[in-house]
Every structure is written in C-alpha cells, then in structure tokens.
Amino acid sequence: MSELGAVVRGSLRALTFELGGPGSRERLAKLEPARNEYGVDPYGFDVDYAMAAMAPFLWLYRKYFRVLVHGIEKVPQSGRLLIIANHSGQLPFDAAMLGLSLLVELDPPRYARALVERWVPRLPFVSSFYARLGQVVGTPENCRRLLAAEEALLVFPEGVRGLCKPFWQSYRLKSFGVGFMRLALETGTPIVPVGIVGAEEQAPALLDLKPLARLLAMPALPLTPTPLALPLPTRYHLHFGEPLRFKGSPDDEDHLLEGKVEEVKGAIEKLLAKGLKERRHIFW
Amino acid sequence: MRSSLESAALFPGMPRVVAVTGISGNLGRVLARLLHTETSLVGIDRRPFPERPKDLVHHEVDLRKRKVEEVFRRHPVEAVIHLGHGHHPRTPFSETHSFNILGTAKLFELCVQHGVKKLVVLSSSTVYGPAPDNSNFLTEEAPLMAADRYSGVRDLIELDMYAQSFLWKHPEVETVVLRPVHIVGPTIENAASKYLRLAYPVTVLGFDPMIQLIHAEDACLALALALRPGARGVYNVTGPGEVPLSAILRELGRTPIPVPHLFVRALIGRAFEARLIDFPPEQLDHLQYLCAVDGSLAIRDLGYSPRHTLKETIRSVL
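Heads up: the sequence lines are chains Y and X, in that order.
Just so we're aligned, residue 1 is where the first sequence starts under this note's numbering, counting upward by one.
Just so we're aligned, residue 1001 is where the second sequence starts under this note's numbering, counting upward by one.
One or more hints might be untrue.
[What the hints assert, rightly or not] Selected chain Y positions facing chain X (in silico; Cβ < 10 Å): (1) Y38; (2) D46; (3) V47; (4) A50; (5) L146; (6) W168; (7) S170; (8) K270; (9) K274.
In short, the hints are calculated from the structure, not lab data.
What you are looking at is a predicted structure, and each value in this text was computed from that prediction instead of being measured.
Idealized CB from N, CA, C, for every residue including glycine.
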C-alpha cells in the first residue's frame, strides 16, 4: 500500500517538473523549508508531498486556466510579506493558482502559506491535505509567528463572503477587514496587492442557500450552473502591484485603519480594472 | 537505551532537600532516578516505593492526612515538586477531585507554614484542549479550554489555576507551573503512551494532526531545572519537535484503523462504557485537532532543552 503510494507520489512529482517547464526541478529544489527527520516543518508542511500534490493543480494552471502573470517581479525575493488578493470562484482555485505562480514563475521560487478558514480543520482529508501543504488557520498568533520567521502569507480579506458571492457582484470587492492591516503595522510587513482576473467567472453563483449552509455548519452554500461548483475553463490573469508599506500604530481605532485598508483595496481595484480592460475574452 | 540523565550536571544552587509527592508513580520513579544523586530526596506518596534508591527517604502517607506535616517537621524541606495528582478516567470524579484538590491545598499550606522556598507543580499542555481553531503553537497565555469538550480534565485545570493563584498570592514561595506535552516513556502508563502501544490504534479517517511528545526523562529534566533559583512562572515544556500522528504510527510499525469521524465517537463511547477500552471518547479530539504548544519560554528561562531525539522519544513507548 505504502509502496503504491510512493510510486504514485514519484510519478506525480515527475509530472510537476514536466509541467513546471525546463529547469523547474532545479528551481524548486531551492525551496528549503526547515524539516525534521520525518520530512515536515513545525507546521506540518511536507515539501515532498507538496511537490506531488502540486501536479494536478499545475495541470490546471498550465492547461485549464492557462494562467498569465503580469508584474510578478514586483514580489520581493525574501523577507516577511503579505500578499493580498481578491477572492472568488466558489472553490478557492484562485488561491491555488496564486500560490503556484510564486513557485513556478519566480527564480528562486517563493513559497507562500495561505491562511485558511477556521472551519477547515473540521473537514476530514481537506484538513490534513492543507496542513501538509503548510497552510495554517488564520489566527493572529499564527500570522505573527510566521511573519516573524520572514515567511510570505496569502491573505484574502474578503474571505468566504468574496469566494461565494453571486455572479452579478463580479469584480466588486466585498468589504475588507482591518485585521491584516493591524498585522502589517505591528510586524512592519510590506503588502503586495494582487488583482486576479478570471476566477470571478469560473463558477457563477446564482444564489447562496444560507439556511441550508447554516444547517450543514458550512460558511456558505452557493448554487452554480455547474455541478459541485466545478470551474469553467476561464483564463486567469494575475496582476501584481508594487509593494505597499504602511506606517502607524497597530492599536489605532478601526476607523483610522480603514483609510489604509482602502488604499490596499483601491490598489487591487485598479489592478482589476486594468486587467479587465486588457483582457480580450473571458476564455482566451 | 542510554540513560543520558544520570550524570547530568544541572545547575549551581540546587536546593539541599527536595520533597517529591507522587514519587511512587511511573514518572516519579524516573524523577527519583534523576535527582537522588543531585540532592537529598524525600518521597511523599500513599503508595509504597519498594525499589527506591537507598539515599531516598520515603513517607507512605496520603497528602490529605495530618501525618503529612511530620514530613515537613522532620526534614528541612527547601523545595517541593508536586506530581501527586492522578487523572485516571475510571476513577470516580469525586475521589480524584478530593485527592487532587484537597491534597494540593494541604501541600501548598504546608509550603507556606514551613518556609519552603520553591514549589514546582506538574500540570499538562492538555489543559489548553485540542480544538479545530487552535493556533499551531499555543503560548502560556492561551485560555485553558480543554473542559469545554472533555469534562474529565477539569480537575487538572482547577489544579493548574489553583497553582497559578498561589504563585501570585505567595511571592515568598517561588512557584513554577510546568505544562509538558504528552509524556511518553518505557514505563509511562498514561493515555498517550498506552495508545501508542496498541497494535491496531483507532484513528479518525482523514485527520492527521501534528503531535508533540516528550520523553519522560526530558519531562523530569524540566522539573529538575525548574528548581533553579530565580525561576518562577508558568511554562509549556516541549520535546524534540512535532510530527504528524501518521508518522508516529508508521515509525512504531502500527496498523491504524481509520474510522469516519461521524461514527468514531459513538464507537469509542460504547467500547468505553462496556469497559473494553480505557479511552474516553472525548480523547479522540487529540487524534483529530491540534493541541500543540510553544515551549520557547522554558528553553529561554529554565535553560531546558530535550536530550532525546524525536526518533528516540517516539520509540520510547516500545
């Protein structure tokens, strides 16, 4: 059983390097997270597992969503970093594609942890899958610890509200919380805004069955024309903005921080507007 | 297996007479082996301690009884290490509660009356409780939420908080509360060690939390280092690192039986009621969610670092 698993993992890793393009094996080998004799870092990130698990998502990246990146060189090569993006598409493929772009388009690759919803650890398989990929629950304590260790975090301030919004609200950002701004000020972390174009059309939600969602203890239950919110093959464009640095007290009242949050939101809106203008078609 | 502790040079200013409650227990014996050459040890336990080191004086007495006072009258006790509390899921709650809380209260009172300078209380990191929304590393400030899901742990929480309030009310007694992660070892018989000894351990299908273990000798090393003059406060104590549960079971050559989370509680609950197993179903949370702690404070303040590697620690249950 475990031998079969090793064979599958081996061939998935080979697929990852094939899809990653020439030189991707050497580039990805530059990822050197701390790990113990059991192959994991203190958060449970298993880089070998991740290289294998990447393969199907990298296939989506190259062949299905055919992701194009714009301005990825603006992402700092090292040091603590918050990457803030719009969130949409019912299932978080946008997060996966954004994370992958940092791994396959940058040299050296940059590994970013996504912050997951607090209900994810309750889900069988999903919880351990995410943990082996190094993702953590987005508690302030976790974020502080990871930023202090000079790691990069992917944050979607719209959360599930953005992920599961209905199609007529496409590219209209939901309100951002101020939590990420407090964190950035407290830890002196630069913010890279990202506008993701394409994900918003992948699974247009017709309505959100809120009462049923509550019954199933899920954060939302959107109804889409495709079964199980399977995404349509829209082309993704990831537009990276210049890093933003903020100064001020992390303990300011919310309304004082909201101005700074609006600046980030404005930057993402601008990237989205540019991306939508330049895009020729939803699918190609 | 090598015993790295026997020749350990600990620190200058070791208290000359140290009383240890619960010394006849499995952890107490490990501590006795470590400390009897470093200081003069006085054992307090209601159980006998047959194969004790020759230089160790043992008093077979219940902490709740008046006779305990004699121990403090006869020996100039400078420090106390309190391990004498039990938390077996089969003992009736009123009995455990009386023994743990009244015994602890009596002991604390004696420490004040007899001018004991140092008190080290063993708690556990399970007081935080495993939960899906826990941070990956809980610090000492995290709320003690374990009783939220498992009431069996509430007298340990009560004991921990009682020790904390004693720490503030009696600054003349340097008090240290230690919260080690799951203690394992060849002679340890707690839930974690017993679980890891099962050939076919039940796991929760699709869950694989990061687990922290500490070797009993390392836990005892931390208890001994807490005797260091000047050390005071609440400390998490961690072992050599964290690993997924699946990796631990693989290292031990176990065959896990994964049960879907929708049925596993009912199944284990029935088996517990039928006395087939000694694991209360609430303990399943440890197989499902995180309850890992940040032990850096103890490393910084107590000068503690684990001496056993991750592999040694895991394999110590064999």
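Now for the hints, and whether the structure bears them out:
At a threshold of 10 Å, the smallest CB-CB gap from Y:Y38 to chain X is about 4 Å, leaving the interface hint in force. Contact between Y:D46 and chain X, as hinted, is supported at the beta carbon level, the nearest pair being about 8 Å apart and thus within 10 Å. Among the interface hints, the one on Y:V47 is violated; its C-beta lies about 14 Å from the nearest C-beta in chain X, farther than the 10 Å criterion. The beta carbon of Y:A50 comes no nearer than 14 Å to any beta carbon in chain X, farther than 10 Å, and the hint placing it at the interface is violated.
For Y:L146, the interface hint holds, since its Cβ comes within 10 Å of a Cβ in chain X; the closest pair sits about 9 Å apart. Here the hint on Y:W168 is broken, as its CB sits about 33 Å from the closest CB of chain X, past 10 Å. Checking Y:S170 against chain X: minimum C-beta separation of about 31 Å lies over 10 Å; hint violated. The restraint placing Y:K270 at the interface with chain X is violated, with a minimum CB-CB distance near 34 Å, outside the 10 Å limit.
The beta carbon of Y:K274 comes no nearer than 37 Å to any beta carbon in chain X, farther than 10 Å, and the hint placing it at the interface is violated.
The earlier numbered hints that this structure contradicts are 3, 4, 6, 7, 8, 9.
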